[in-house]
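J.: Chain B is fixed; fit chain G onto it per the hints.
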Amino acid sequence: MENTTEKWKIEDVLKEKGVYIGPTVGVSMLPMLKNRRDTIVVKPKTERLKRLDVALYKRGDAYVLHRVLASTEKGYIIRGDNCYADENVPEEAVIGVLTEFFRKDKHILCTDKKYIRYAERRVKTYKPRRFFVRIKTKIRAFGGKILRALRLKK
Amino acid sequence: MKIKNGFVVRKVGGESVVVPVGEMSKNFHGMINLNETGAFLWNFFTAEHTVDEGVQALLGEYDVEEEIARTDVEQFVKTIQENGFAE
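In the order they appear, the protein sequences are chains B and G. Going by this note's numbering, 128 is the number at position 140 of the first sequence; the sequence numbering is gapless. Numbering-wise, this note's numbering comes out as the position in the second sequence, counting from 1, plus 124.
Bound-form chain B, shown alone (with noise of 0.2 Å):
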């Protein structure tokens, strides 16, 4: 049994061993995986990252595992699967790349048809999400407003 808690930094795992396997934190990957119930599976990148991969980068001293939409020349655009706003990477801020996770207890690999359909429709579905949230913003505002009028009227 080995402990790697001392002196932790993903970037050291995966060179030493050759995989990451931890805990999911954070909501941005969401329905994929849920913050602090499921695991994923990095190895360290050896290639180009393809479209619909999952890059593990680093922003700052933050990890963040998000979905490569793209290549672009000195890198990636990325966006998590719960989120709207897409962003540049370049191309030595990505340490790795998600090739299998625990979904609950359910394992499953990205290399699986199924799962490669889901991360399909959840890009090509990214513009008609976006449409509804703004809507749903919009209309949470609205009612904000009508409730704060409402309760200045008594």
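Just so you know, these hints were derived from the structure itself, not from any lab. Quantities reported herein were computed from a predicted structural model and do not represent experimental measurements. Backbone N, C-alpha and C define an ideal beta-carbon position, used for all residues, glycine too. You may find that some hints are simply not true.
Short, incomplete list of chain B residues facing chain G, as computed with Cβ under 7 Å [stated by the list, open to error]: (1) TRP(-4); (2) PRO11; (3) THR27; (4) VAL29; (5) PHE90; (6) ILE123.
Cut-off 30 Å, straight-line C-alpha distance, at most; resulting in silico cross-link-like pairs (DSBU-like, lysine-lysine) [said to hold, decoys possible]: (7) B/LYS33 x G/LYS150; (8) B/LYS112 x B/LYS94; (9) G/LYS150 x B/LYS22; (10) G/LYS202 x B/LYS3; (11) B/LYS31 x G/LYS128; (12) B/LYS22 x B/LYS3; (13) G/LYS150 x B/LYS31; (14) G/LYS128 x B/LYS(-3); (15) G/LYS202 x B/LYS5; (16) B/LYS92 x G/LYS135; (17) G/LYS150 x B/LYS5; (18) G/LYS126 x B/LYS141; (19) G/LYS135 x B/LYS(-3); (20) B/LYS33 x G/LYS135; (21) G/LYS150 x B/LYS92; (22) B/LYS94 x G/LYS126; (23) B/LYS22 x G/LYS202; (24) G/LYS135 x B/LYS31; (25) G/LYS126 x B/LYS92; (26) G/LYS128 x B/LYS62; (27) G/LYS135 x B/LYS46; (28) B/LYS22 x G/LYS126; (29) B/LYS46 x G/LYS126; (30) B/LYS5 x G/LYS126.
Far from chain B by the CB rule (all over 10 Å, computed), these chain G residues [what the hints assert, rightly or not]: (31) LYS126; (32) VAL143; (33) GLU147; (34) HIS153; (35) ALA171; (36) GLU177; (37) GLN180; (38) ASP187; (39) VAL188; (40) GLU189.
T.: Below, chain G alone, put in the same frame as chain B:
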């Protein structure tokens, strides 16, 4: 001895790795790799058991001498306790 709640054992590429979940993942960062015996003992000690019970469980599962089994269980329990995984 009992291992705290908040960990799951994932088998990836033939290796067993302990991963923290829920609140535990806020405090524990890193990877615990288990060999076959370690994975067996980890699962066994997710319920309250004594070292002697662990030795008997190991003897029931593997073709191993009692002295070696006891050394393995004692070492496992010591590592678990030292790393704060025991309740």
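J.: The structure should be examined with respect to each hint, and the outcome stated for every one.
T.: Okay, the hints, checked on the actual structure:
1. Annotation: interface hint on B/TRP(-4) holds; nearest CB of chain G at approximately 5 Å, less than 7 Å.
2. The beta carbon of B/PRO11 comes within 4 Å of a beta carbon in chain G, closer than 7 Å, and the hint placing it at the interface holds.
3. Look at B/THR27: its Cβ gets to within about 5 Å of chain G, closer than 7 Å, so that hint holds up.
4. The beta carbon of B/VAL29 comes within 5 Å of a beta carbon in chain G, closer than 7 Å, and the hint placing it at the interface holds.
5. Residue-level restraint check for B/PHE90 holds (minimum Cβ-Cβ distance to chain G is 6 Å; threshold 7 Å).
6. Because the smallest distance between the Cβ of B/ILE123 and any Cβ of chain G comes to about 34 Å, over 7 Å, the interface hint for this residue is violated.
7. At most 30 Å may separate the alpha-carbon atoms for a hinted pair to count; B/LYS33 and G/LYS150 meet this at roughly 26 Å.
8. This hinted pair checks out: B/LYS112 and B/LYS94 have alpha carbons roughly 25 Å apart, not beyond 30 Å.
9. With a CA separation close to 15 Å, the supplied pair G/LYS150 and B/LYS22 stays within the 30 Å bound.
10. Taken as a hint, the G/LYS202 and B/LYS3 pair is honoured in the structure, with Cα atoms around 29 Å apart against an allowance of 30 Å.
11. The straight-line distance between the Cα atoms of B/LYS31 and G/LYS128 is roughly 29 Å, inside the 30 Å bound, and the hint therefore holds.
12. Only pairs whose Cα atoms come within 30 Å are accepted, and B/LYS22 paired with B/LYS3 is accepted, the gap being roughly 26 Å.
13. Simply put, G/LYS150 and B/LYS31 have alpha-carbon atoms about 23 Å apart, close enough for the 30 Å limit, and the pair holds.
14. As the CA atoms of G/LYS128 and B/LYS(-3) are separated by approximately 24 Å, the hinted pair is consistent with the 30 Å bound.
15. Among the hinted pairs, G/LYS202 with B/LYS5 is consistent with the structure: their alpha-carbon atoms are about 24 Å apart, no more than 30 Å.
16. Distance check on the hinted pair: B/LYS92 and G/LYS135 sit about 14 Å apart at the alpha-carbon level, within 30 Å; holds.
17. Proximity of G/LYS150 to B/LYS5 is assessed by CA-CA distance (about 23 Å); at most 30 Å being required, the pair is judged to hold.
18. Between G/LYS126 and B/LYS141 the CA atoms are separated by roughly 60 Å; this puts the pair beyond 30 Å, and the hint is violated.
19. With a CA separation close to 22 Å, the supplied pair G/LYS135 and B/LYS(-3) stays within the 30 Å bound.
20. Proximity of B/LYS33 to G/LYS135 is assessed by CA-CA distance (about 22 Å); at most 30 Å being required, the pair is judged to hold.
21. Restraint check for G/LYS150 and B/LYS92: satisfied, since their Cα atoms lie roughly 18 Å apart, inside the 30 Å limit.
22. This hinted pair checks out: B/LYS94 and G/LYS126 have alpha carbons roughly 26 Å apart, not beyond 30 Å.
23. Taking the CA atoms of B/LYS22 and G/LYS202, the gap is near 33 Å; set against the 30 Å cutoff, the hint is violated.
24. With a CA separation close to 15 Å, the supplied pair G/LYS135 and B/LYS31 stays within the 30 Å bound.
25. Of the supplied pair hints, the one linking G/LYS126 and B/LYS92 holds, its CA atoms being roughly 23 Å apart against a limit of 30 Å.
26. As the CA atoms of G/LYS128 and B/LYS62 are separated by approximately 46 Å, the hinted pair breaks the 30 Å bound.
27. Distance restraint check for G/LYS135 and B/LYS46: the Cα-Cα separation of roughly 26 Å lies within the 30 Å cut-off, and the hinted pair is therefore satisfied.
28. Between the alpha carbons of B/LYS22 and G/LYS126 the distance comes to roughly 27 Å, so the proposed pair stays at or under 30 Å and holds.
29. About 37 Å separates the Cα atoms of B/LYS46 and G/LYS126, which puts this hinted pair outside 30 Å; it is violated.
30. With a CA separation close to 29 Å, the supplied pair B/LYS5 and G/LYS126 stays within the 30 Å bound.
31. Chain B leaves G/LYS126 outside its interface by the beta-carbon criterion, the shortest separation being 17 Å against a cut-off of 10 Å.
32. Separation of G/VAL143 from chain B is inadequate, the least Cβ-Cβ distance of about 5 Å not exceeding the 10 Å criterion.
33. Against chain B, the non-interface label of G/GLU147 is violated: not every CB pair exceeds 10 Å, the least being about 8 Å.
34. For G/HIS153, the shortest C-beta to C-beta distance to chain B comes to about 5 Å, within the 10 Å cut-off, and the non-interface label is violated.
35. With a least beta-carbon separation of about 18 Å from chain B, G/ALA171 lies farther than 10 Å from that chain, consistent with its non-interface assignment.
36. For G/GLU177, the shortest C-beta to C-beta distance to chain B comes to about 19 Å, beyond the 10 Å cut-off, and the non-interface label holds.
37. Every CB of chain B lies more than 10 Å from the CB of G/GLN180, the least distance being 21 Å, so the non-interface label holds.
38. No beta-carbon of chain B is positioned within 10 Å of the beta-carbon of G/ASP187; the least distance is around 21 Å.
39. Its beta-carbon lying about 17 Å from the closest one in chain B, G/VAL188 satisfies the requirement of being farther than 10 Å from that chain.
40. At the 10 Å boundary, the C-beta of G/GLU189 stays outside the reach of chain B, the nearest C-beta of that chain being 21 Å off.
Violation of the numbered hints given earlier is confined to hints 6, 18, 23, 26, 29, 32, 33 and 34; the remaining hints are satisfied by the structure.
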